[in-house]
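A.B. asks: Residue strings, one per chain:
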Amino acid sequence: MRSNDHSSARSKRTGAVFSLAVFLLPSGALAQSSPGGRGPSTGDGTSGVAQGSSGTSANGASAATPSPGPDTNELNDRFEPKAKAGTVANGTNAGPTPGTAEPTKADDKKDAKKDEPSGKFEFGSYGRVRAVSDLRGGTGRGANIVSFGPRTDEESYAEIELRREDTWKDGIKTRIVTTLALLPPFFHFSGKMTQAIALRNLYAQGTIDRYTLWVGSRMYRGDDIYLLNWWPLDNQNTVGGGVGIKFDKERGDTMLALHAGMQRLDDPFQTQSVAAVAPYGFGSTQVIKVDRPRTIETAKLIHFFRNSPDKTLFPGNDAMGFKAVVYGEAHQLAAGVQRDPLTDRDRALPADTGFLAGVQLGYWTGVRDGFVHVFAKHARGIAAYDPLAVPTTFANDRTTSGASDTIIATGGNLETEAVGVQWGAYLRFFRDASEGATSREKYDEGAVVVRPNIFISDHFGVAVEGSYQQRRYALADADGESKLTTGLFRAGVIPYFSPAGRGSFKRPQLRILYMATARDKGARSLYPKEDVFSQRSVEHFFGLGAEWWFNSSSYP
Amino acid sequence: MMRFSSLFTLSKFGASRAFRPLAMGMLALGLGSFTPSCVSLPEDGTTVTLGTHVDDWRDEVIYQVLVDRFANGDVNNDYLVRPGALARYQGGDWKGLEDHLDYIKELGVTTLWISPVIRNVETDADVDAYHGYWAQDLTQPNPHFGDIVSLRSLVKRAHSQNLKVVLDIVTNHMGQVFFYDMNLNGKADIYIGGTGTSSQVTRVSEFDPDWNPIGVQAETSLGLAGRAPIVFFQDPTIQRIAPVPGILARAEGYHGFGRILNYDVPEQTMLGDFPGGLKDVATELPEVRATMVDAYTRWAELVDLDGFRIDTVKHVEHEFWKVFTEGVRTRLARQGKEKFLMFGEAFDGNDQLLGSFTQKGELDSVFYFSQHYQVFRDIFMYAHDAAAQRGTDQIEKLWAARATNWSAEPQDQGIGVAPNKIPVNFMDNHDVARFLFAALGDVAALRNALTLLLTEEGLPCIYYGTELDFSGGNDPANREVVWNTGFPTTGDTFRHVAKILGVRKASLALRRGNTSVLWSSPHVADEEDAGIIAYERSGGDAEDSYALVVLNTNGKKSSSTSSGESVMKTGKASATLVDVLDPNRASYKTNADGTLKVSVEAQSGKLLLLESEASELGF
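Residue numbers (our numbering), protein chains in the order written: chain G, 1 to 556; chain C, 1 to 619.
If you're looking for bench data, these hints aren't it; they were derived computationally from the structure. In this text, a Cβ means the ideal position worked out from N, Cα and C, and glycines have one as well. It is possible that part of the hints are untrue.
Label-pair ranges, simulated between beta-carbon atoms [to be verified]:
(1) C/G502 x G/S401: 36 to 42 Å
(2) C/T490 x G/G281: 18 to 24 Å
(3) G/G137 x C/N484: 54 to 60 Å
(4) C/T195 x G/F186: 57 to 63 Å
(5) C/R250 x G/R347: 42 to 48 Å
(6) G/S401 x C/N484: 22 to 28 Å
(7) C/S587 x G/R347: 54 to 60 Å
(8) G/G137 x C/T237: 39 to 45 Å
(9) G/R347 x C/L224: 49 to 55 Å
(10) G/R347 x C/G336: 45 to 51 Å
(11) C/T237 x G/V239: 32 to 38 Å
(12) G/F186 x C/G223: 53 to 59 Å
(13) C/N484 x G/A275: 57 to 63 Å
From just these sequences and the hints, can you work out the full model?
C.D. replies: Pasting the structure below:
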């Protein structure tokens with residue numbers, strides 16, 4: 001069969017990294033099931049539009065990478081760090097291989113030595129760089145107006161991961177992960193020898209029997225929609241810890257992941273220090289006035305439907321399968337007293353709470369990197385706001401009670417040896433807690449993006465992409481005559497060089513990129529009149545780009 | 001609920017029209033026909049149908065609201081709010097006002113006068129534009145108070161409760177939007193000039209330079225250098241940028257003579273900048289006039305307003321008012337809005353000057369500032385000080401003068417009432433110390449003055465907080481926050497106002513009747529009739545309705561409507577009158593010749609209706 005031939009070819013191509021890819025599959029948190037990493041909130045801030053929402057910081061925070069589909073990392077890495085036939089080149093997952101793969105010789109050697117402590121250092125990376133023009137003499141500029149617009153005009157971003165992995169007596173495994181993120185502008189662009197660096201991962205993890213424990217600062221998330229650079233269901237960035245439990249030891253068809261963490265953003269909403277007279281001597285000293293981290297508890301239950309030695313759900317295709325995810329979050333924010341910097345008066349900050357509930361259905365075709373995901377979630381209260389942002393609007397009691405965020409989304413990829421198509425789409429209904437009927441933080445929005453691919457040869461291809469996005473606010477437009485509705489349409493072409501072979505998710509990928517964006521009157525009205533974006537209805541985005549990921553626990 | 005296809009509309013793209021089918025296809029592919037609940041504007045905030053909401057403005061009672069101070073309905077527009085610092089924003093907004101219309105209704109008033117709604121320069125010299133009089137953009141709402149939707153919602157909700165809305169506007173000046181570059185260095189300076197020996201030491205502010213009859217001059221060490229260039233600020237952080245719209249962003253739109261130093265000099269009053277650096281607009285220019293007509297009429301159209309309260313009218317030439325009022329009335333009448341009230345503020349005690357703005361082709365009315373001084377200050381506020389108090393004959397003289405000082409003809413396309421029949425009566429407002437401050441906390445004097453205010457001929461205007469016994473001194477102490485009080489409706493002053501307004505609402509005489517002063521007195525001491533003022537409201541458009549008001553403004557003793565052999569003579573012979581302010585409903589019978597002697601306690605009053613009418617009206 002053609003697909004088998006392809007799998008074989010992939011195995012050969014990945015030979016050099018295969019042993020790493022096996023063991024270095026995602027770091028193993030249950031929720032960290034798909035590649036990708038959310039960057040700091042400066043990422044996409046250039047548009048100055050879609051970032052305005054306190055409920056939407058994910059857009060600006062995203063450093064997204066592909067989501068090749070089936071959420072198999074929970075199994076392969078955390079609970080069963082063995083090679084699977086579905087693991088493809090450059091570490092992306094093509095899907096689960098539900099227990100049918102025969103042990104390899106390498107596995108035999110491992111088994112023989114499994115009681116001997118061993119370890120190694122690893123290096124991995126995700127990154128993307130671009131050099132783009134607006135064809136008017138300026139640099140290409142992001143134009144998205146929704147929280148999660150197509151990623152084609154996103155900023156450069158890179159992560160460097162340093163990792164120590166050990167196997168101890170009794171098969172106990174540990175992993176120490178450090179991930180640094182680099183944010184633009186880079187030296188060769190700005191001429192400044194300073195660099196913004198963020199620490200995206202710093203945690204330790206251990207696995208014993210059916211249990212995996214981790215503690216540290218960590219990106220912790222599920223499947224993404226690659227074209228939208230977004231994790232629609234779960235995407236935590238906390239300092240905390242978690243535990244994963246595989247109910248059936250060997251296969252892990254049903255798993256539960258629990259996590260608790262906290263954030264205390266550098267914002268007077270959550271942390272503030274004020275000067276006070278020093279108790280001894282002269283002068284003043286700083287006192288922490290506000291200290292109210294947001295604490296978040298998450299729970300994620302996953303069940304896979306796939307062939308096993310005991311049952312055959314999909315005759316003739318062991319690589320096909322489904323998964324169902326049920327996910328929930330609880331958020332708490334303690335009360336506090338803030339010193340208003342404007343008046344130097346103290347004012348109360350009330351306690352706040354929130355919850356989120358969501359589901360995901362995943363289907364992987366078993367053919368190349370084919371998959372389909374559908375997500376739905378609903379959040380209320382403080383949980384409606386991304387934890388990397390603080391709310392900017394409130395109910396009159398200054399809580400977020402009444403705020404809600406409702407999302408349905410889908411993403412996927414289908415491909416053959418010759419062609420492929422990726423897509424992403426979502427609808428979102430965000431309502432802040434403000435008691436006014438109108439607010440810039442009450443809106444409906446959505447986006448749909450489709451990217452057909454033609455794999456011209458083993459190493460060259462061309463993608464075309466079309467997308468539409470719209471946000472409608474509970475505001476009147478500038479004329480006061482109707483609702484403020486903003487929309488833009490984007491289309492373009494992306495010829496690329498893919499050294500790793502055919503496939504929508506093969507990386508590295510070196511690209512030429514051209515996108516044209518048509519922006520309607522509403523979209524233009526979001527910008528001050530001094531901004532050319534308030535005047536131009538068509539934007540160009542032309543240049544070069546590259547994207548890679550390898551050997552990263554975030555982007556396997 | 002709305003179907004998805006209408007939720008995500010492919011709006012006007014121009015060049016992208018060709019892509020619409022593809023975009024629609026993608027939407028259908030990705031999102032199907034999902035039917036979500038979707039963002040919508042409240043019905044009150046969308047469509048506006050202009051209409052005439054007033055029958056006769058004499059039936060109305062105005063309640064003046066400083067929006068920033070009344071109620072905070074949405075904390076999310078509390079930008080740069082400094083609670084307790086009354087020279088700064090406090091957080092009130094249109095939604096808060098809308099949320100408390102029931103309170104206003106219970107008071108019995110019928111019309112809201114709301115402070116200016118347009119976008120202002122945020123702050124200047126550490127004072128904020130919470131009051132709204134520092135205009136920068138005449139086309140946009142001040143976001144501190146809400147948006148166009150919340151303003152529409154307020155007006156629509158008010159109309160649904162039979163409340164009218166009058167908007168405060170300013171045509172005389174804009175905010176602190178430019179400086180005079182007097183030393184030609186390109187930036188705004190405040191500097192000391194002169195040597196102190198060969199010349200006088202002077203302080204010069206390029207923000208607000210003194211009046212110069214030849215225009216503000218540039219001056220170097222070598223002497224005068226001609227008119228100082230007008231340079232618009234460019235400080236978007238505080239909205240201190242060139243004004244909008246049109247000619248208001250150009251130097252030619254302003255007079256450029258500097259700050260008024262002497263209000264008694266007509267040239268300065270008309271052409272000088274308003275103190276505080278508020279730049280005087282060249283209202284004689286046709287383009288400026290057209291801009292003002294268009295900008296402010298648009299607000300009436302956008303939110304279905306019922307009138308304008310117009311600021312600083314005495315600083316603008318009469319010809320402007322003729323053009324402005326005609327432009328507004330004509331444009332609104334074409335759209336079905338009639339009886340659009342336009343009344344002005346001329347901060348002056350000269351009754352003739354006030355009346356001049358009501359002459360043919362100008363305003364429907366003006367604030368009765370002469371009464372503020374000659375009646376509420378000289379008589380009611382000074383009730384505790386016999387040496388300062390003036391006799392009530394001053395009231396009779398002032399009212400009589402109005403008949404000739406003010407126009408006796410309704411304006412064409414105006415409200416249909418002659419200006420001298422509808423002065424806008426007030427005891428205090430946001431520009432003067434509150435009554436209770438000036439009256440040293442004399443609440444009896446306040447309630448007595450309110451009785452006059454609400455029963456005299458004209459259109460009463462109550463400054464917010466009066467009903468709550470607010471007693472702030474001069475600006476900004478007289479601009480207190482209401483929401484800290486909890487909006488109580490049980491206070492004695494609140495109930496006093498509500499009671500009188502209940503009678504006024506029922507009594508045609510109190511709303512539309514002519515006035516006949518039956519008794520006034522020059523006496524303020526121990527005389528029999530010291531402090532008495534008595535007037536009938538009847539005739540005119542009052543049909544058979546009749547009311548008699550007798551007030552004693554004396555702060556120390558009972559007085560009566562008599563002096564020796566002379567007794568007050570009413571227009572009703574052998575009639576029984578009932579005091580509807582008296583819980584016991586005391587009645588009085590006039591003699592066959594119509595005379596009636598009524599004794600009134602110090603600083604109190606009687607509101608007498610015919611017994612039959614009172615019974616019919618339920619009092």
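A.B. asks: Tell me the hint numbers this structure goes against, listed in increasing order.
C.D. replies: 2, 8, 13
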